[in-house]
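Novice: For the sequence shown, my numbering gives the first residue as 1, with consecutive numbering after it.
Accuracy of the hints is not assured; some may be wrong.
[To be verified] The calculated lysine-lysine pairs, modelled on PhoX-like cross-linking and capped at a C-alpha distance of 25 Å, are: (1) K152 to K123; (2) K212 to K201; (3) K176 to K155; (4) K183 to K163; (5) K186 to K176; (6) K152 to K163; (7) K194 to K213; (8) K112 to K101; (9) K112 to K152; (10) K112 to K123; (11) K201 to K186; (12) K179 to K194; (13) K183 to K194; (14) K123 to K106; (15) K123 to K101; (16) K201 to K176; (17) K179 to K163; (18) K163 to K176.
Hint data in this document are derived by calculation from the structure and do not stem from the laboratory.
Values in this document were obtained by computation on a predicted structure and should not be read as measured data.
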Amino acid sequence: MRYLSILLLLLFTSSAIAGSTQTNTSGSNTAIEGGYTSSAATTYESGSSSNSTTTNNSTSNTKSAPPSAGAPSYNSMTQDVCAVGVSLGVQTFGIGISGGKHAIDKNCERLKLARILNDFGMKVAAVAILCQDERVFESMIQAGTPCPIDGKIGKEAQALWSKYDHERPDYDVYIKRMKKREKKEKDLERQRLKEQAKMTKEFEKVDKEIEKKIIIPKKKPVNWESPK
């Protein structure tokens, strides 16, 4: 009897087929059912076309400082030398150029020569070589002690410098100064003549006013009679 009941239960119970898949992950349930299909279609009418063009432009402008140019240095090897070192360097992206030379300091040489001549007791010669500098020459003239010339000093040297002024070391400056002085003298003379003419007119005006105020008596005519 018990076996009959179990058989009847199996006959009336339909089989169940799993239609879904369930995944349990950390307390969340996700069910995926059925199948999925994805398709894309593009339909073009007759005579139509589709063009797609992509253009990428890239410009790079990188600037950096060029390497520095090292100009050569000048070594005189001693301090008792009248030379000055000069150097120059130019550097670009493509090429770099540098160079150097030495220049003679004439004023330094003049001072050394004057010092040596003075040590030898040649004071006039020492002054003469210093007078090659236009600043020294001008200062000597302003002091009333002109530089030596042709073995002459004092007033005799002044006369020679006036005669041969083209030999002055400051000749260009001297000529400009003389032209300015000449112009100034002309301006002063013009002003003096103008003032003199103005004073003359004032004197003439005063004389006329005096003549109007003072009545000068008329002299009676003298009749000369022949003696009887």
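Novice: Would the hint linking K194 and K213 be met if the CA-CA limit is 25 Å?
Specialist: At roughly 29 Å apart (the allowed maximum being 25 Å), K213 and K194 break the hint.
Novice: Keeping to a limit of 25 Å between CA atoms, is the pair of K112 and K152 held or broken?
Specialist: Holds: K112 and K152 sit about 24 Å apart, inside 25 Å.
Novice: Please work out if K123 and K106 have their alpha carbons no farther apart than 25 Å.
Specialist: 20 Å, holds
Novice: Is it true that the CA of K176 sits at most 25 Å from the CA of K155?
Specialist: Cα-Cα ~24 Å, so holds.
Novice: Regarding the pair K179 and K163, is the alpha-carbon distance no greater than 25 Å?
Specialist: 17 Å, holds
Novice: Given the hinted pair K183 and K163, is their alpha-carbon gap at most 25 Å?
Specialist: With a Cα-Cα distance of about 22 Å, the restraint between K183 and K163 holds, given a limit of 25 Å.
Novice: Given the hinted pair K163 and K176, is their Cα-Cα distance within 25 Å?
Specialist: 17 Å, holds
Novice: Under the criterion that the straight-line Cα-Cα distance not exceed 25 Å, is the pair K112, K123 satisfied?
Specialist: 14 Å, holds
Novice: Hinted pair, alpha-carbon criterion (25 Å max): K179, K194. Please report holds or violated.
Specialist: Distance ~23 Å between K179 and K194 Cα, so the pair holds.
Novice: Hey, K123 versus K101, does the alpha-carbon distance stay inside 25 Å?
Specialist: 35 Å, violated
Novice: Given the hint that K201 pairs with K186, does the C-alpha gap stay at or below 25 Å?
Specialist: Judged against 25 Å, a Cα distance of about 23 Å means the pair holds.
Novice: Keeping to a limit of 25 Å between CA atoms, is the pair of K152 and K123 held or broken?
Specialist: 14 Å, holds
Hint violations for this structure: numbers 7, 15 and 16, all remaining hints satisfied.
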